[in-house]
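As a plain string of letters, each chain reads:
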Amino acid sequence: MSRQRRTGVGRALNLFGPFIGLLLVIALFALIPEVQGRFLRAANFKSVATQSVIVALGALGMTLIIISGGIDLSAASNIALASVITAYAINAGAAPILAILLGVLTGGLVGLVNGGLVTRLRLVPFIVTMGMMGIARGAAKWIAGNQKIDAPMTWVNELMSKSPRPPWLLLAPGIWIVILFAVAMAVLLKYTVFGRHIFAVGSNEATARLCGLRTNQIKILVYAISGLFCGLSGVMEFSRLTVGDPTVAVGLELDIIAAVVIGGGSLSGGEGSILGTMVGVLIMSFLRNGCTMMGWPNYIQEIIIGAIIIVAVALDRLRHRTA
Amino acid sequence: MKSPVFKILVIGLGAALAFAACAKKPSEPSGSETAKTLRIAVIPKGTTHEFWKSIHAGAIRAEGELGVKVIWKGPQKEDDRAQQITVVEDFISSGVDGIVLAPLDDRALMRPVQDAVREKIPVVIIDSALQGSDYASYVATDNYKGGVLAARRLGELLKGRGRIFLIRYQEGSASTVQREAGFYDTVTKEFPGIVLLVKDQYAGATTETAYQLAENLISRFPDVEGVFTPNESSTFGTLRALQESRLAGKVVFVGFDSSPKLVQGLRDGDIHGLVIQNPAKMGYLGVKTIVAILRGEPVEKVIDTGVVLATKDNMDSPEIKALLSPDLTMIKD
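Chains as they are written, first to last, in the working numbering: chain W, 6 to 328; chain S, 590 to 922.
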């Protein structure tokens, strides 16, 4: 881990690299007179933040997985499954808090199974989670009876409300939850033994094992934690939609992975940061928001986000070569 | 250590400028717009289906006639409820004067519409219903009536008896659910001799999923005599499956909506009837209604845009032809 012995500039660049991208995106729209006034309003930033919650929660877990050298293609299906479970439980008369718990735990269970299969069967995470992508999506449709579940309105739906109650919260409770967990995960990764072990497993699994790390346990735990975040993200998805929709978030796993990669995560493992990931999420959200405000057609937005991913990773490589 | 910082900045700035340059173009026509021009956001369920293109064409016609600015934008992924909510929210933030929305879900879009109304942005709902009463007007096809028309056509051609499929589109899409209900009610009430072999299968969002479903159903029930499908993608997918299994023309097939391929199917005798709506009129009246509201004129709460049945015999009459093959030349992007 030579990263700690970087020079000041190199480290600053590493820390602020993703921010440059975010600032560029914000500056881009802030400079266009047509949307300037509207884009820079607090209300708009609030709405972008709310829109980011679902991807952000998924990306918190995905960051851990990617640092550990894995990948989770089932994240989006897991989110849909958790949202359906939550809606189902509320509809069946369960107390909202119990429904939330069930949703989150379902996500955790899916993650645990992912981790178990990856380690016990020694399968590539790509394959295991690709299989789980179908299983979780199918289970969601099955439980929902192949339709969406209309659940009665409860305080769960307030979690993603742009005008939160009580008003002193200022932001939707979902945003606070993201901030809270982002800080917690950042601390976990940087300052705990478990966090450093995740980096070790991702950098070189064989060496980590030879050094006495229980790599399988670490990996299972990483997938399970990530699953819990997907579950929480599913609860937020339900809160936002007010219905449990088994077809929601198709393809969202790629947005989640993209956020981690834009934020400096390396798909070969051993690298990534929570801060970077969160910036990655915001870059994509701001792009969507700005493009919609401009009334640009969707294909422009898709091309820009595609280009951003490539530029971000290219920048990251450049940073490595020079540092 | 300075050069890498500089290099990154240059690359980043260059990239941003490149985006700005290539992205700026489509918005140019609106650059000269005066501040007083009303900006109307029109939000379809998707942008690639023929149906939405017709709505777009109608909206553009209204744009020209009324001297307003129409901003056309659907969810980035077709049929994604969460993304449609995001689009509505972003338009509220951008401060458009009015929103014309085809909601992907009769429930999930309620809250964003409430948000819009709270921000004093009126909303006109088109195509599919929305629960609640926050919207100002609902401009749509009488979908139930469309299902009834289809059922009668199928019943007459089968002379009141036979074994048929009712292929459904997707749960939660209010418009197709009503068509299916109109069809189902009419078949069971008026044609007791007709047996529904299948009535709870969903074709899914795309032509591909509909194709697969129809193929599987045909291999399960090769002696099927009639089929009804409630929208463009399910009709086309089923048409392909019928053609592949050489049943096209033999099975009485009534579908919904139109596209060049479906019109060809009608001409070839593979499709025996297409219930067609008037999407161009829906787009046109949607924009016209929201502008009327913004100008303080009274509007109806529900506006029907009508359905007709196109058959091989009437498909070349001018009014049917205009609906089957709408003029889309006015759409620029």
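These are calculated hints, taken from the structure and not from any lab test. There may be inaccurate statements among the hints.
[Stated by the list, open to error] Below, in silico cross-link-like pairs of lysine to aspartate or glutamate (EDC-like), each with a Cα-Cα straight-line distance of 20 Å or less: (1) S:658 - S:886; (2) W:146 - W:163; (3) S:870 - S:893; (4) W:167 - S:708; (5) S:850 - S:639; (6) S:870 - S:731; (7) S:709 - S:723; (8) S:642 - S:908; (9) S:658 - W:163; (10) S:666 - W:307; (11) W:146 - S:889; (12) W:146 - S:760; (13) W:51 - S:708; (14) S:870 - S:889; (15) S:666 - S:708; (16) S:788 - S:760; (17) W:146 - S:797; (18) S:910 - S:857; (19) S:901 - S:889; (20) S:778 - S:789; (21) S:901 - S:857; (22) W:51 - W:163; (23) S:625 - W:39; (24) S:910 - S:859; (25) W:167 - S:723.
[Unchecked claim] Simulated restraints on C-beta separations: (26) S:811 - W:315: 46 to 52 Å; (27) S:748 - W:304: 48 to 54 Å; (28) W:308 - S:720: 32 to 38 Å; (29) W:139 - S:721: 51 to 57 Å; (30) W:170 - S:770: 35 to 41 Å; (31) S:774 - W:304: 38 to 44 Å; (32) W:99 - S:884: 24 to 30 Å; (33) W:170 - S:721: 38 to 44 Å; (34) S:707 - W:99: 29 to 35 Å.
Positions of the beta carbon are idealized from the N, C-alpha and C atoms, including for glycine.
Here is what the structure says about each hint:
Restraint check: the Cα-Cα separation between residue 658 of chain S and residue 886 of chain S comes to about 19 Å, which is no more than 20 Å; the hinted pair holds. Restraint check for residue 146 of chain W and residue 163 of chain W: the C-alpha separation of about 25 Å exceeds 20 Å, so the hint is violated. The hinted pair formed by residue 870 of chain S and residue 893 of chain S meets the criterion: a straight-line CA distance of about 10 Å does not exceed 20 Å. Between residue 167 of chain W and residue 708 of chain S, the direct Cα distance comes to roughly 13 Å. Compliance with the 20 Å bound is thereby established for this hinted pair.
Simply put, residue 850 of chain S and residue 639 of chain S have alpha-carbon atoms about 11 Å apart, close enough for the 20 Å limit, and the pair holds. Proximity of residue 870 of chain S to residue 731 of chain S is assessed by CA-CA distance (about 13 Å); at most 20 Å being required, the pair is judged to hold. Among the hinted pairs, residue 709 of chain S with residue 723 of chain S is consistent with the structure: their alpha-carbon atoms are about 11 Å apart, no more than 20 Å. For the hint linking residue 642 of chain S to residue 908 of chain S, the alpha-carbon distance of about 19 Å falls within 20 Å, and the restraint holds.
Under the criterion of a C-alpha separation no larger than 20 Å, the hint pairing residue 658 of chain S with residue 163 of chain W is inconsistent with the structure, at around 34 Å. Pair hint residue 666 of chain S plus residue 307 of chain W holds up; C-alpha atoms about 10 Å apart against a cutoff of 20 Å. About 39 Å separates the Cα atoms of residue 146 of chain W and residue 889 of chain S, which puts this hinted pair outside 20 Å; it is violated. Between residue 146 of chain W and residue 760 of chain S the alpha-carbon distance is near 11 Å, which keeps this suggested pair within the 20 Å criterion.
Among the hinted pairs, residue 51 of chain W with residue 708 of chain S is consistent with the structure: their alpha-carbon atoms are about 15 Å apart, no more than 20 Å. Between residue 870 of chain S and residue 889 of chain S the alpha-carbon distance is near 16 Å, which keeps this suggested pair within the 20 Å criterion. A C-alpha spacing of about 27 Å is found between residue 666 of chain S and residue 708 of chain S, which places the hinted pair above 20 Å, so the restraint is violated. With a C-alpha separation of about 13 Å, the suggested pair residue 788 of chain S and residue 760 of chain S falls inside the 20 Å cut-off, and the hint holds.
Restraint check: the Cα-Cα separation between residue 146 of chain W and residue 797 of chain S comes to about 18 Å, which is no more than 20 Å; the hinted pair holds. With a C-alpha separation of about 16 Å, the suggested pair residue 910 of chain S and residue 857 of chain S falls inside the 20 Å cut-off, and the hint holds. Between the alpha carbons of residue 901 of chain S and residue 889 of chain S the distance comes to roughly 35 Å, so the proposed pair goes past 20 Å and is violated. Between residue 778 of chain S and residue 789 of chain S, the direct Cα distance comes to roughly 18 Å. Compliance with the 20 Å bound is thereby established for this hinted pair.
Of the supplied pair hints, the one linking residue 901 of chain S and residue 857 of chain S holds, its CA atoms being roughly 8 Å apart against a limit of 20 Å. Simply put, residue 51 of chain W and residue 163 of chain W have alpha-carbon atoms about 15 Å apart, close enough for the 20 Å limit, and the pair holds. A threshold of 20 Å between alpha carbons decides the hint, and for residue 625 of chain S with residue 39 of chain W the separation of about 13 Å falls inside it, so the pair holds. Distance check on the hinted pair: residue 910 of chain S and residue 859 of chain S sit about 18 Å apart at the alpha-carbon level, within 20 Å; holds.
Using a Cα cut-off of 20 Å, the hinted pair residue 167 of chain W and residue 723 of chain S holds, with the two alpha carbons roughly 18 Å apart. Take residue 811 of chain S and residue 315 of chain W: their Cβ atoms lie about 50 Å apart, and the range 46 to 52 Å holds. The supplied range of 48 to 54 Å is met by residue 748 of chain S and residue 304 of chain W, whose beta-carbon atoms lie about 49 Å from each other. Our hint of 32 to 38 Å for residue 308 of chain W and residue 720 of chain S holds, since their Cβ atoms are close to 36 Å apart.
Checked against the hint of 51 to 57 Å, the pair residue 139 of chain W and residue 721 of chain S fails, with Cβ atoms roughly 36 Å apart. The hinted range of 35 to 41 Å is satisfied by residue 170 of chain W and residue 770 of chain S, whose Cβ atoms lie roughly 38 Å apart. Restraint check, residue 774 of chain S to residue 304 of chain W: a C-beta distance of roughly 41 Å satisfies the suggested window 38 to 44 Å. The supplied range of 24 to 30 Å is broken by residue 99 of chain W and residue 884 of chain S, whose beta-carbon atoms lie about 49 Å from each other.
Distance hint for residue 170 of chain W and residue 721 of chain S: a CB-CB separation of about 20 Å, inconsistent with the stated range 38 to 44 Å. For residue 707 of chain S and residue 99 of chain W, the hinted distance range of 29 to 35 Å is satisfied, since their beta carbons lie about 31 Å from each other.
Of the numbered hints listed earlier, those contradicted by the structure are 2, 9, 11, 15, 19, 29, 32, 33.
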